[in-house]
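Asker: What follows is each chain in one-letter form.
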Amino acid sequence: MAKSPERSDFRDRVRLVFAVSVVLGIGAVLFALPALGMPTLLGGVLAIASSPIVAWLERRGFARGFSVLLVTCVGAAVFAGVVTWGLAVLVKQWDGFSERFPVLFEQAVGRLRASEEVWRSKVAVFQSLHITDALLQAVSGSKAWAASNAARVMGDALVWTLLAPFVAFVLLKDGSLVLRQFYALIPNRYFEETVMVSSKILEALALYVRAKLLEGIVVGVICGVGLAAVGAPYAWVLALIAGVTNTIPYVGPIVGAVPALLIPLFDASQASLLWPILLVFLVANVIDSFLVFPLFVAQVVDLHPLVLIAVVMVGQSAYGVIGMLLSVPLAASAKVVGQELYAALLSRRMRARSN
Amino acid sequence: MKPSPHFLFTDLFSRYKRSPLDEILSQNILFSTLSRRELRSLRGRVYERTYQPNEPVFEQGDRGFGMYIIAKGRVAIQTHAVEGELQVTTLGPGSFFGELALIDPENLRSARAIAQEPSVLIGFFKADLLDLLERQPDTGVKVLFQLATVLGQRLLESTEKINLLWGAKQGSPYYGEVA
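Protein chains in written order, with the numbering used here: chain A, 1 to 355; chain B, 1 to 179.
Keep in mind that the hints were calculated from the coordinates and are not lab data.
Quick reminder that beta carbons are idealized off the backbone N, C-alpha and C, glycines included.
Heads up, a few of these hints could be off.
[Said to hold, decoys possible] Using 25 Å as the maximum straight-line C-alpha spacing, the simulated DMTMM-like pairs for lysine to aspartate or glutamate come out as follows:
1) K72/B to E340/A
2) K122/A to D156/A
3) K126/B to E203/A
4) K126/B to E193/A
5) K72/B to D302/A
6) K335/A to E106/B
7) K142/B to E59/B
8) K126/B to D174/A
9) K126/B to E340/A
10) K92/A to D267/A
11) K200/A to E23/B
12) K200/A to D302/A
13) K126/B to E106/B
14) K200/A to E48/B
15) K142/B to E58/A
16) K72/B to E193/A
17) K335/A to E117/B
18) K92/A to E134/B
19) K92/A to E193/A
20) K200/A to E134/B
21) K126/B to E106/A
22) K126/B to E58/A
23) K122/A to E160/B
24) K169/B to D104/B
25) K200/A to E85/B
26) K335/A to D156/A
27) K335/A to D131/B
28) K72/B to D22/B
[As the list claims (entries may be wrong)] Negatives, chain B to chain A, calculated, CB over 12 Å:
29) R109
30) G123
31) L156
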């Protein structure tokens with residue numbers, strides 16, 4: 001028995017609301033539970049980064065399942081190797097650093113107080129400021145937080161990085177099946193548009209993630225080579241930090257340079273490295289800003305710089321550093337959805353007028 | 001036609017079984033040159049949708065994103081005319097429509113497609129064709145070549161119809177007034 005058009009309309013709207021609720025519900029759960037959300041996010045990034053390699057293997061005649069398994073195993077082995085090497089280097093350098101840190105810290109505080117006294121005697125407005133005390137207060141607050149949370153955070157980070165390759169494997173192997181299950185919830189009248197919008201969103205996200213990863217690798221390599229060339233200690237660890245933090249829009253390059261610049265500030269014997277280290281980061285960011293970003297990232301995002309800044313600030317206030325990282329791809333996705341919805345509404349209105 | 005259940009490890013090592021969907025796809029001219037292995041990979045890229053009687057598949061003027069193959073049922077193709085809805089044709093199982101959306105970037109549907117009875121349609125979309133071209137370019141090129149053949153045939157048919165209509169008009173007693 002054919003259903004009445006009104007009943008069909010109502011049923012379709014209920015199905016659409018249900019489908020959207022499922023997506024929003026899953027997003028809310030992942031957002032609220034970092035134990036689930038972070039491995040999923042990292043796994044998603046790994047899946048997007050590995051997808052071109054899987055496609056390359058498929059073009060050479062390998063079955064998709066085998067290609068995904070091979071890429072995941074090789075990727076996991078490389079990742080485990082990098083983590084093992086990084087941990088070994090970090091532990092070795094941390095032992096030396098923690099022994100020298102109290103002396104270096106006292107020296108740095110002494111130099112800051114001396115500089116503060118000089119500026120107070122020259123500029124009247126500085127007399128009411130107590131910059132060194134404020135910094136010491138902030139540092140002691142961070143120390144207390146680190147003492148109570150560092151072990152938990154490191155444990156969480158270790159679990160996330162171990163789970164991420166498994167999540168990446170499942171996403172690469174069966175991600176399209178999950179998407180098809182979602183499409184089965186969409187009513188027919190919205191089906192084609194949903195497929196179109198979701199494919200554009202996924203394409204935009206994939207392009208953005210790959211562009212940012214490439215940008216991070218380029219900046220990291222330039223910083224690593226440059227820091228090693230000028231003789232900076234912990235060159236490749238600092239380069240890794242610079243590459244990772246470069247993915248944060250706008251403030252990322254500054255955040256990435258701070259650990260490297262603290263070395264000559266803390267350690268008087270390394271003071272001569274201040275300007276060379278600054279130059280290395282300047283060169284890396286000039287190459288990034290004028291070459292890598294315009295070529296690979298800017299055309300993917302396609303948002304006005306003011307909009308980007310606002311979006312990053314909203315992301316930061318909502319969810320800190322993770323919010324800043326996620327804000328731009330989410331904004332790019334929202335733009336795609338908005339454009340497609342507008343075009344669909346426009347065509348429906350034109351059709352109604354012609355009828 | 002229920003999709004076969006997928007489980008991580010059995011899917012990795014599963015043996016190929018021909019499904020009814022493969023039969024429908026292999027009989028379609030666009031996929032008629034594909035091997036069994038290629039049809040199997042295509043199976044994971046098409047969408048099976050069920051339509052009720054008088055349920056529109058798409059409206060005239062909608063943006064198109066892919067084509068549909070009729071697995072079961074009948075679909076009427078209609079256009080808006082000054083006099084009202086004009087039924088262009090009715091398609092049955094095995095026929096397909098909307099294939100221009102696979103290659104036209106801003107395709108607007110030139111007609112309305114509406115199911116006349118409970119129908120099962122198989123959708124094949126542009127994103128999946130592009131994915132096929134990226135991951136299995138041999139298969140993708142075969143599909144594109146067949147698509148070009150179909151579009152060329154339709155262009156020839158349209159040209160012949162225009163020639164017939166023009167010839168009929170020239171033979172018409174009212175031709176002089178019209179000219």
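Asker: Okay, which hints does this one fail, numbers in order?
Answerer: Of the numbered hints, 1, 2, 5, 7, 11, 17, 18, 19, 21, 23, 24, 25, 26, 29, 30 do not hold.
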